Amino acid sequence: MEKTILIADDSESIREVVKATLENAGYGVIVAVDGADALEKLDGTKIDLVITDLNMPNKDGIQLIRDARGLDDYKFTPILLLTTESQAEKKQEAKTAGATGWIVKPFVQDKLLAVIKKVLR
Amino acid sequence: MDSFQASFINEATELLVDLEAALLDLENDTTNKQLIGEIFRVMHTLKGTASMFGFENIGEITHHLENIYDQIRSDKLEISTPIFDVTLTSLDHIRYLLENPNFDGDEGIKRHKKLLVEIISIVEGDTGNNIKESIDSEEAIEDVDFGLFDDDDDEEENDGTISYLVYIEPIKEIFSNGTNPLFLIEDLHNLGNSKAVPLVNKIPTLQNLDPESCYSSWKVILSTKESVDEIMDVFIFVEDECEVKLDKIIEKDILQEDFIEAIGQLNIDEIDVATILDTWERTKSDEKKESAPVENVDFGLFTKESVENKEPNSRPRKENSTPPKGTPKQVTKPTSSIRVSSDKLDELMNLVSQLVTTQASLQLYASESQEGELETISESIEKISRQLRDTTFSMCLVPIETLYTRFTRLVRDISNDLGKKILFRTEGGSTELDKTIIEQLTDPLLHILRNSLDHGIESEEKRIAAGKPAQGTITVNAYYSGTYVNVGISDDGGGIDPEKIRDKAISKGVISPDKQLTKKETLELIFAAGFSTAEQVTGVSGRGVGMDVVKKNINDLRGEIIIDSNVGEGTTMTLKLPLTLSIIDGLLVKIDNIFYVIPLAVIKKCYEVANKELSNQYNNLIIIEEDQIPFCNLRNQFKVNTNAPEFQQLIVVKNESSLVGLVVDEIVGEYQAVLKPLGKYYKQQDIFSGSTILGDGTVALVLDTHRIINQNQNNTLLS
Amino acid sequence: MNEENTLDNINSYLTFLLDEELFSVNVGKVIEILEVPKLTKVPQAPSYMAGVMNLRGNVLPVIDTKIKFGLGETDIQQKTCIVVMDISIEGESVYVGALVDSVLDVLELSGDKLLPPPTVGIKYRPEFITGIGKDGDDFIMILNIDKVFSTDELSILKDSSQTL
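Protein chains in written order, with the numbering used here: chain A, 1 to 121; chain B, 122 to 840; chain C, 841 to 1004.
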């Protein structure tokens, strides 16, 4: 069955490039423009993976992860954090919030897919 | 990824506009955390995206800028004018880089390097840390990329295969991070040959078992050619959720059939490096015995992070153990939008216009046909096309705020150049105008602003001498007024001296010396062709464009420019602009056999009046509901020779602050008018803002009530 | 029409009548010929502006050619036509309709049938006439319509210097 991935990023170009990459790789893609939008899209729909940016307006990635973990449907869904910040604290904060892993921007398409394969199969 | 480049450029351009606005706001409100957060966020986004789309140089600039704002937001660096300057200069440079990602010449490269040095020195100067070095060293770490553990010697002896024993014990709560530990085993398996043995003795009885917890752990014997860091990479996301131990067994592939079988016989608790080696010794056929040094590698100590943290030159912000959880919470700003090219919008607008016109024909035909069904259909289409028109129309509206940012920047730069202190205020930024108008408004507004800055606001000494605050104020204020939007540009400068204007106009031959003019008329001379403030041309305002061009541009938009100035107090220019250029809601009226459209927005009320009543009025004033209302008899003004009907319609419209009646023969009804220009032949007849085609194909003329009333008043004054 | 012909070497001319006088314009400038629909007269416009009409959703200005030529207002009859022309004003292409009493014919005028504009003996100012065509015994004024219809002047008669 096709796997569905929700991307939350306030950068349109990132959304576009991630979406295109994932769709080419055969994933179904849902996009959200920020954390609040993403949370709305976590409405019980089958979502197999969430990829979220860290810094977003309305609701940042960490809060989104916390909120998503509070939802029964997405308690165990893998969540990847998309970030440029390589500091330990941010990743730690995200992990504590319930993130599964992270992808460091900038990334190439192969890298993105490789990381996804780590948590979604 | 090239196809995404254009979209990145668009997005970056928009981000830069936001950024510029935030910066300029911040300059006036330097402690605003929210703005700092916003700026940091934009830098961060730009940095993250730029290099993905081939704009490495932008990535470099924003990376360093981000450092500055990160320090500011964690209170390690104080905001200062040099920071604003360097950031604004960087913005311009980024704009340049968007067009020339790899520079277009040495100039660009020079500027780039200079900027980097400036940015870096800001961070350096304030923290005593050598940012440049730390950045370099960070890059160096990335280059090494676990290379520390690459042991080239491994590959001398055999084909490079090494066997490890990997012990994996997840924490119970690992599922709640969305991790499936079996994937880890799978990943290890993909690195080479492996044999995994699960440790299940911690699994409780069913009634004590929490299905959301993980009780298993694993021992995996892995024979692989991959490096240690490749193996460690498997666990990159689970450092804290898994205890991982990696023991090197031997530099051989020990996973052969007999061995696997023998290992399977063992109790899992017994499996350790020694047992494995022992078992392997027993099972291996005739391989030369080789006791490789056993190396205990505790994975946890060698993560990339810990290496980074050990670096003495790590970036200053790392010293800050708890950065403010300052992911900026922006004021709610709807970001859910898509970008559409203006060509498509224009095309849509055009189609909607045609639809509205065609719909009018349908409506006419339907009402004549007497077929109920057809009339119902026509009515629904009418309703839909009206909604469609309104929606399309609103899509073309842009808040004037988009211009304000540019102006704020311009004022800042120019006032710096001129050495004048200026407070620039903008009001009514959410006032919306048709995008076409906004586009065409930029140049005239910039010109007026330049004039205010250059000629309007006096030098500091002069201001102080005149008892004014040293800092001059320029205010741009936009507000709705009926179907118009007014944009006022006021300064508290020296004002325009009518005497000087007059002298200049005479010397330029614009007016004859004996001509008598009111103050307003005199001030308006600055809009006359050939009147230029040439003697004061400076680099700022002397761009070869006179106020006559400004006036023409505004007139082309069916707008007006009104000037008011008092010597010593300042000048206000008010631009009066129509909301839209294409469709208006109007009242269709008739005079003689010609149809006219009056914009509904200006209409206050309509009254039926007897013709006699009007002709008996002295001075064209009529009393309606106890108010004296001046009126224009359009029959007279349009020189219609036929006899007026016995009863006429008085349409009371708002004109500036007063009410004026327009007398027509007949009211036909409401009408959505798609404006069509009357064209060059009717340039002089500017009392009509255009024309529109009615359902039966007849052309109706759209009245510009303001001009009609002005014309009427002028005529009355003359006669 | 041969497509390779540029406007300059199209030798076909549309002839029409204003009162009893014969005029013509190069067919390259003519878009179409229409019956006279309902015209909307624009108040306060010069008298030679007959009004505006709907040309397939666009607004077309219509000029009363006879007033321009000093022949009085056109009395719209069955044979009255509007010749829609593409003229150039200040380098911009503009459609304009010209009221004429009747459209006659399309003639090939070249060689000895095409004479240079006379300097004397006609009542119109020379800049408005590009030449004289000869059709049997008839002489036809060939109009420079870019000039005739772009001027603000009330009339193109020689003795008229009144401007608006």
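Derived from the structure by calculation, the hints contain no laboratory data. Accuracy of the hints is not assured; some may be wrong.
Stated by the list, open to error - Label pairs and their computed distance ranges (CB to CB):
(1) A:Asp72 with B:Leu544: 27 to 37 Å
(2) C:Pro966 with B:Glu228: 35 to 45 Å
(3) C:Gln884 with B:Gly630: 23 to 33 Å
(4) A:Asp72 with B:Ser482: 50 to 60 Å
(5) B:Val789 with C:Lys919: 54 to 64 Å
(6) B:Lys231 with A:Asp72: 55 to 65 Å
(7) C:Ser950 with B:Asp807: 39 to 49 Å
(8) B:Asn740 with C:Pro966: 35 to 45 Å
Said to hold, decoys possible - Facing chain B, a subset of chain A residues (Cβ under 10 Å, in silico):
(9) Ile30
(10) Leu49
(11) Lys95
Claimed, not checked - List of simulated lysine to any residue pairs, SDA-like, C-alpha gap at most 20 Å:
(12) B:Lys801 with C:Asp915
(13) B:Lys801 with C:Val946
(14) A:Lys111 with B:Phe296
(15) A:Lys3 with B:Ser195
(16) B:Lys801 with C:Asp952
(17) B:Lys711 with C:Val934
(18) A:Lys75 with B:Leu709
(19) A:Lys117 with B:Tyr486
(20) B:Lys711 with C:Lys987
(21) C:Lys878 with B:Asn301
(22) B:Lys797 with C:Asp926
(23) A:Lys75 with B:Ser195
(24) C:Lys881 with B:Glu294
(25) C:Lys881 with B:Asn301
(26) B:Lys804 with C:Val934
(27) B:Lys293 with A:Lys3
(28) C:Lys878 with B:Leu709
(29) B:Lys804 with C:Asp992
(30) B:Lys804 with C:Pro886
(31) B:Lys760 with C:Lys881
(32) C:Lys878 with B:Phe528
(33) A:Lys75 with B:Glu294
(34) A:Lys90 with B:Ile357
(35) B:Lys801 with C:Lys987
(36) A:Lys90 with B:Ser195
Note that this is a predicted model, so its numbers are computed, not measured. Even glycine gets a Cβ: it sits at the ideal position worked out from N, Cα and C.
Outcome of the hint check:
For Asp72 (chain A) paired with Leu544 (chain B), a C-beta distance near 55 Å fails the hint of 27 to 37 Å. For Pro966 (chain C) and Glu228 (chain B), the hinted distance range of 35 to 45 Å is not satisfied, since their beta carbons lie about 58 Å from each other. A hinted range of 23 to 33 Å holds for the C-beta pair Gln884 (chain C) and Gly630 (chain B), which are about 30 Å apart. Separation of Asp72 (chain A) from Ser482 (chain B) is about 58 Å and conforms to the stated range, judged on CB atoms against 50 to 60 Å.
Checking the proposed 54 to 64 Å range against Val789 (chain B) and Lys919 (chain C) shows it is violated: the Cβ atoms sit about 33 Å from each other. Checked against the hint of 55 to 65 Å, the C-beta distance between Lys231 (chain B) and Asp72 (chain A) comes to roughly 59 Å, which is consistent with it. Checked against the hint of 39 to 49 Å, the pair Ser950 (chain C) and Asp807 (chain B) passes, with Cβ atoms roughly 45 Å apart. Take Asn740 (chain B) and Pro966 (chain C): their Cβ atoms lie about 52 Å apart, and the range 35 to 45 Å is violated.
Interface hint at Ile30 (chain A): violated, since its Cβ lies 14 Å from the closest Cβ of chain B, which is beyond the 10 Å cut-off. Annotation: interface hint on Leu49 (chain A) holds; nearest CB of chain B at approximately 8 Å, less than 10 Å. Among the interface hints, the one on Lys95 (chain A) holds; its C-beta lies about 6 Å from the nearest C-beta in chain B, closer than the 10 Å criterion. Our distance criterion of 20 Å between C-alpha atoms is broken by Lys801 (chain B) and Asp915 (chain C), whose separation comes to about 25 Å.
With a C-alpha separation of about 30 Å, the suggested pair Lys801 (chain B) and Val946 (chain C) falls outside the 20 Å cut-off, and the hint is violated. A C-alpha spacing of about 24 Å is found between Lys111 (chain A) and Phe296 (chain B), which places the hinted pair above 20 Å, so the restraint is violated. Only pairs whose Cα atoms come within 20 Å are accepted, and Lys3 (chain A) paired with Ser195 (chain B) is rejected, the gap being roughly 40 Å. At most 20 Å may separate the alpha-carbon atoms for a hinted pair to count; Lys801 (chain B) and Asp952 (chain C) exceed this at roughly 38 Å.
For the proposed pair Lys711 (chain B) and Val934 (chain C), the alpha carbon gap of about 29 Å is over 20 Å, so the pair is violated. Taken as a hint, the Lys75 (chain A) and Leu709 (chain B) pair is broken in the structure, with Cα atoms around 63 Å apart against an allowance of 20 Å. With a CA separation close to 64 Å, the supplied pair Lys117 (chain A) and Tyr486 (chain B) exceeds the 20 Å bound. The straight-line distance between the Cα atoms of Lys711 (chain B) and Lys987 (chain C) is roughly 35 Å, outside the 20 Å bound, and the hint therefore fails.
Pair hint Lys878 (chain C) plus Asn301 (chain B) does not hold up; C-alpha atoms about 80 Å apart against a cutoff of 20 Å. Between Lys797 (chain B) and Asp926 (chain C) the CA atoms are separated by roughly 18 Å; this keeps the pair inside 20 Å, and the hint holds. With a CA separation close to 33 Å, the supplied pair Lys75 (chain A) and Ser195 (chain B) exceeds the 20 Å bound. Restraint check: the Cα-Cα separation between Lys881 (chain C) and Glu294 (chain B) comes to about 85 Å, which exceeds 20 Å; the hinted pair is violated.
The straight-line distance between the Cα atoms of Lys881 (chain C) and Asn301 (chain B) is roughly 81 Å, outside the 20 Å bound, and the hint therefore fails. With a C-alpha separation of about 14 Å, the suggested pairing of Lys804 (chain B) with Val934 (chain C) holds against the 20 Å cut-off. For the given pair, Lys293 (chain B) sits about 27 Å from Lys3 (chain A) by alpha-carbon distance, which is inconsistent with the 20 Å threshold. About 18 Å separates the Cα atoms of Lys878 (chain C) and Leu709 (chain B), which keeps this hinted pair within 20 Å; it holds.
Of the supplied pair hints, the one linking Lys804 (chain B) and Asp992 (chain C) holds, its CA atoms being roughly 11 Å apart against a limit of 20 Å. At roughly 11 Å between alpha-carbon atoms, Lys804 (chain B) and Pro886 (chain C) fall within 20 Å of each other, so this suggested pair holds. Taking the CA atoms of Lys760 (chain B) and Lys881 (chain C), the gap is near 12 Å; set against the 20 Å cutoff, the hint holds. Proposed proximity of Lys878 (chain C) and Phe528 (chain B) is contradicted: the alpha carbons are some 50 Å apart, above 20 Å.
A C-alpha spacing of about 11 Å is found between Lys75 (chain A) and Glu294 (chain B), which places the hinted pair at or below 20 Å, so the restraint holds. Between Lys90 (chain A) and Ile357 (chain B) the alpha-carbon distance is near 15 Å, which keeps this suggested pair within the 20 Å criterion. Taking the CA atoms of Lys801 (chain B) and Lys987 (chain C), the gap is about 15 Å. The hint holds against a cut of 20 Å. For the given pair, Lys90 (chain A) sits about 14 Å from Ser195 (chain B) by alpha-carbon distance, which is consistent with the 20 Å threshold.
Checked against the numbered hints above, the structure breaks hints 1, 2, 5, 8, 9, 12, 13, 14, 15, 16, 17, 18, 19, 20, 21, 23, 24, 25, 27, 32 and satisfies the rest.
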